[in-house]
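Chemist: What follows is the residue order along each chain.
Number of protein chains: 2
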Amino acid sequence: MTKLRIFVDFIAEAEVMEILRQGTAGHELVFPKRPVASILAKAEPDPGLVDADVAFGQPDPNAVEQARGLKWIHISTSSITRYDHPEFRELVARRNIPVSNSARVYQESCAVHVLSFMLAQARKLPLALVTRSASGTPPWNALRTSVRTLRGETALILGYGAIGKQLVELLRPFEMKVIGFRRKSRGDEEVPVITAEKLAHTLSMADHVIDILPDSAETKHFFNAARFKLLKPGAVFYNIGRGATVEQQALADALGSGRLTAAWLDVTEPEPLPDDHPLRAAPNCFVTPHIAGGHVGESQTLVRHFLGNLQRFVRNEPLLDRVM
Amino acid sequence: MTKLRIFVDFIAEAEVMEILRQGTAGHELVFPKRPVASILAKAEPDPGLVDADVAFGQPDPNAVEQARGLKWIHISTSSITRYDHPEFRELVARRNIPVSNSARVYQESCAVHVLSFMLAQARKLPLALVTRSASGTPPWNALRTSVRTLRGETALILGYGAIGKQLVELLRPFEMKVIGFRRKSRGDEEVPVITAEKLAHTLSMADHVIDILPDSAETKHFFNAARFKLLKPGAVFYNIGRGATVEQQALADALGSGRLTAAWLDVTEPEPLPDDHPLRAAPNCFVTPHIAGGHVGESQTLVRHFLGNLQRFVRNEPLLDRVM
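So the sequences go chain by chain: D and P. As numbered in my numbering, the first sequence has no gaps in its residue numbers, which increase by one up to the final residue, 326. As numbered in my numbering, the second sequence has no gaps in its residue numbers, which increase by one up to the final residue, 326.
Next comes chain D alone, as it looks inside the complex (with noise of 0.2 Å):
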């Protein structure tokens, strides 16, 4: 077996790190030479990635170039925002450096923190929580007729990937009808999706509009004034994706008009939101602090991740999660 040099620049658990260094036995692990942190980072490259096969963590995209001998990237994200630009893409390609992600760490996590928000809002749970109406009461009955089973409902999945595919299993159950919405169908998704042509309509349909778009140039401020005009009224809106995918005034404004029901964002611009934020004073609007992909032993998953995606790498074979 080739002894390969691997980066770390990722920090966890005094147990984790145990993990790590008995599934990587037999190579050599290099952390960074300085803190991950600093801001001296940006200057020139750790000399720890430069000699680096392997890098494992958030490696400076700037220093991959002057990493002669680095082989393969395996990012500590599900997000590969700091690196999904075209110099960048240009220079794993021509070096042939496959690149990886931890998409399937956090997505379960994040589908089941989307059907939490889903059925808070079905059995409003935040007014149902705080109400003390006795039985039979006027708004007693109000609550109790108007909760829900989210059966027959319409669900539309705004960046349609793993975690809707997770999401959509979760949902099975509730006999839903779900549709994704991606730039562009592979065909083979379990859900029908549609792409640009035909969102108008389907944002006019749904009761549930759930974005995990990533974050780019394409998807800043997606949903804007005009989108959310076109959602039916009464629609409630879910984001777990990236806080730049809305402007947010503009939700804010769906929100106090009464079109939207209410939105639930795990994901906000910036993170945590100012206290004075339109957004915070929206009553209908419920914030979770960018929590959805986080549970019980996140980082010893998101290490034994990287560790099956090194044996695969020493066998080579093909890369889970490869996004580059």
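Just so you know, these hints were derived from the structure itself, not from any lab. Treat the hints with care, since some could be wrong.
Repeated chains share a single entry, so a pair holds when one copy, or any two copies, can fit it.
Claimed, not checked - Below, in silico cross-link-like pairs of lysine-lysine (DSS-like), each with a Cα-Cα straight-line distance of 30 Å or less: (1) Lys167 / Lys231; (2) Lys200 / Lys167; (3) Lys186 / Lys234; (4) Lys126 / Lys179.
Start from chain D and add chain P according to the hints.
Modeler: Just chain P now, with coordinates in the frame of chain D:
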């Protein structure tokens, strides 16, 4: 077709009553002569019931003896506590009066409500929705790495029946270990079912303890201090059955001691709980006001369920949700 006199002490919106009228065309609908909620109602049977062939709603069990022509009772709730005593059972058995209830009207909604509780707890929504912690700070790390996906966890459903079965369907994609508890296993359940002798052991293993027990002399304060002490440290307790099945001070103690991580209750005793009740003071106790069975269109579903059973009754076919 035999023309039936159908006594209806059930009130709903005008359009739902119209569905009832249309669906019973050819029969005679008889409404209570006295307001349903009158305190006089217990004094003597409503004349409408005395002459009826069928009763739909919540007919006074003490008046059934005098309703000489009664051939079928359809109860408009899932609970049959009011009717579930030996004298009444003996009476309807002796006179061959089938009794059906409205269980399936509520079962899906109840199961969805439980799942909304389970996911709100797994994703720590009550905390996450109010936190303002920035990404990377210690409280944020603590939150993000402690939320869960339910995968692989164990759930015990007490009072395993129609709601439990529906919940099992909803939980299937989560790949949990689900165990049912009921007085007597029928052997055809979708999950392993335990009875009394294995209860203590199973309570000590379950991460999620879901109380759907009906109200009866046998289940009164089923969850008392001794049973709460059996639970696995860190377990979560849910009740969407009946408030009387729980000794609430013992629950408050179990929450206060930290043995239970949280309790999610849709039923309490009394309802609503007074503001100075110990469970109101527990920060890890979450209460909704007996709405688990509620859903948009509930009264319409209820009437349609009765009408479906009416067709079965007329054709002499087995009734759905027959309970006696």
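Chemist: Would you mind marking each hint as holding or not holding in the structure?
Modeler: For each hint, the structure was consulted:
1. Lys167 / Lys231: Result: close within a single copy only, 27 Å intra versus 41 Å inter.
2. Lys200 / Lys167: Cα proximity of Lys200 and Lys167: one copy only (20 Å, versus 39 Å across).
3. Lys186 / Lys234: For Lys186 and Lys234, the Cα distance is within 30 Å only inside one copy (24 Å; across copies 49 Å).
4. Lys126 / Lys179: Both: 21 Å inside a chain and 28 Å across chains, each within 30 Å.
Of the hints listed earlier, there is not a single one the structure fails to meet.
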